[in-house]
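Participant: Residues per chain, in single letters:
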Amino acid sequence: MTTVPLLHEEGFSLDRQKAFGGLFVALGLVDIFVFGLLANPGDAVFTFTLTGAAVNVPNLSLAPGPVCEGLGALSVVLGVAYAVFKLSKLPRGVISATAGIAFVMSFLCWADAGLVPLPFVSLMQATMLAAIPLILGALSGCLCERSGVINIAIEGQLLLGAFGAAVIASAFGSLWLGLITGSLAGGLLAALLAVFAIRYMVDQIIVGVVLNVFASGLTGYLYDQALVPYQNRLNSPNTFSPIKIPVLGDIPIIGPILFDSTIFLYITYAMLALVHIGLFKTRWGLRVRAVGEHPTAADTVGIRVLWTRYRNVLLGGLVAGIGGASLTIGSVGSFGKDISSGQGYIALAAMIFGRWTPLGATGAALFFGFTLGLANVLGTIGSPIPSDLLLMIPYAATIVAVTGFVGRGRPPRADGQPYVKA
Amino acid sequence: MSEHTDGGDGTPVNPSVPTTARAAPESPVPESPVTATGATPAAARKGGGISAHALLNAVLEGNSAVVTFLAIVSAIVIGGLLIAFTSPVVLHAWSKVFSHPATAFSQAWTIAASAYSAMFEGSILNPHTVSAAFHGGSTAAIFNPLSETAVNATPLILSGLSVALAFRAGLFNIGATGQFIGGTMVAGWIGFAVHLPVVIHVVVAVIGGFAGGALVGWFVGDMKARTGAHEVIVTIMLNYVMEFLLLYLLGLTVFRQPGRTDPISPSVAANATLPHLAGSNLRINAGFLVALAAAGAVWWLLNRTTVGFELRTVGANPSAARSAGMSPERTWVVVMMIAGGLAGLAGASVVLGTDFQLTPQIYGTYGIDAITVALLGRASPGGVVLAALLYGSLHAGGIQMQAQTQIPVDIVTVIQALIVLFVAAPPLVREIFHLRRRGAGEGGQLLAQGWGS
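Sequences listed follow chains A and B, in order. Quick note on numbering: the numbering used here labels position 278 of the first sequence as 278, and the sequence is numbered without any gaps. Here the numbering used here runs 1000 ahead of the position in the second sequence, where the first position is 1.
All the pointers check out, no bait thrown in.
To give an idea of the chain A side of the interface with chain B (calculated C-beta under 7 Å), a few residues: (1) Val202; (2) Val209; (3) Phe214; (4) Tyr221; (5) Pro386; (6) Leu389; (7) Ile399.
If you want the ones that stay clear, here's a sample from chain B, every Cβ over 12 Å from chain A, calculated: (8) Trp1109; (9) Ala1113; (10) Ser1131; (11) His1195; (12) Leu1435.
In short, the hints are calculated from the structure, not lab data. Even glycine gets a Cβ: it sits at the ideal position worked out from N, Cα and C.
Work out the full structure: start from the sequences and follow the hints.
Facilitator: What follows is the structure in structure tokens.
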């Protein structure tokens, strides 16, 4: 949770300063006394090279005891410094990141001690793969909610996107057509959300939840009715193959993680940049945010409030639809019932965790993706840590976030309130 | 302050609200919430009070019996079209619609009609069982569909009451799933791990189910009261936390049936099962009576007790409630505790009445269905019972339909969601059926809430 940068300088109170400092001290103590002292005998080994890589990075072998204790002591010292001294933004960020990374490293040392080597690059690749739908879903949330429409229907948008992409890619044998259809399918559900929320002014949380039920029922029905009997024709799409960016893709460690993936990762980069720059650096974004904060004022200066909201909800749906497509034609291929399995809700959580900003949401989505990836990888190295408890982390972290312990984000002022022209 | 008059079923009639988003459509609507949050940030932080009442309105007002009926009809028609036009036979017939138009239409009608008649036979009455009974068959078989409807409706009534009660206090409880799981865990554990005499065992297990759900609900209410954390977020997240907790527990030997490697708990003891009401051939059990009693209790709580009055007042207008000396925070905690307990009872009714074992998927879709039940039942106990019976019959009939016609049971979920979408948007239904608007500015009544956090 400490990987999320502190984006809002306002309201950084002494209480929060102490709370954060205390948190880092506590994490440090866990590093020392839980991970350091209770680790199994044997070293934790991390491998950094995938088979067939051009450059061979040597394995890293760490003795959990000294490493965890060292990292823990560092965290404790930094935590005390954080709580006592009034630091400016940059050192605060550095301390947060250090304590967070120290905690994760200690955890990994403890988890891998005495077991087969932990493939670090595979873990990070799994993280990125898991984070793609989360980031795109969270961007969808940002687009909607910055214009004042609550989007709980991200889950449904992912699901419909996954379904549409798999079916069309399979039926027409064209992955690109599948990608476009997935996006449009997400947009379709968003259109329903927009009509009910903006035109009929139904409570947006209610309509979002009901639309998720609708999407789940509809795709489940069509799956049993059409995809199971015609599995070969309708539900056997190819998947996008990884594209390696020349030069960048050959960088050791970073290359395979960031620059050797399917088109979805690059779309995600592009979307993140577009949404961030769009919302915060352009006149377009200023207008969107005005509509989300104070629609009456926006209307007064001639911004078309309802049109802006319709447009943003639709754009959000299109983006989330791509995220949904990544679940099928970006990874496993065929569609399965409820394949989104709550990832839309994690995306929503990431958006809230990231305080309604694209960059913050992405940070949170990466963190959540890491826990999902870790749950997979720990299973493969034979770790006794129950993956069920790891999979709980995103949800539990979000509860901690909304209870204000790590600082509360402020939603757009008019989020969730329909606009009726005066 | 707020004049809190009551309709027959406890519907707050037009509470005048100084700070809410409720406003005549002629007035600049967003102005009020903006100034309200701006003026009293502390109050706003304390829990979305400003918009709670708008949520209540969205649930309670703006629709009528006629709209509800038309919503159900529309959903069933759309469901029928979906059934017909995803059937290979019908699609084949329609590919020749210009040469054989009559066949195309009759095929579509046949498929949809056979689906719905199978649903009817599975949920209300199957004529074959009646004629079979005359020829020496079992009479119990005649009542099997009704029994199945009641069995399916039981957890829906209880979890629907959970969501409805929270609605009345201006809270949106999406967490019935998590509370349900809390209930099944405790009730199931008492059922298989504790040994108690007959009658006492089942009573203790049911109370345990209530307590398990209430604990989960209490956490949500307490978090909201203490920190202002929005209950929608906390409940959604808690659902997943509870799902994984259940998975984790089922991985432990304490919760694992001896000799099994898959995650499944031992069966609850015979003493702890809810007794059958109509012989062992019909699944209807005492859980149904518990559900009806709970509906009565919720009605009594809402309409005849101080707690209920406070609850409704807080739901209608937290600021007014605070001015009148009530504590919205305390009410939120109490309401979420009772609501959680009701969902926990639903869990107990399943693990002690029909499933008898804890499995990773025991929570099914009850928690989400509960929201649709509460919305369709307009958050009144009587309405919840009726809505749950309707959805219970759809579920029972859906299973029969799938067995008989191979049409996937998921269509029921689609119909369910469509009903609620239509019910939630009366203007849409009025547009479809060309009904006159019910007074000016209907749309303005449905002003929604924000995150409030």
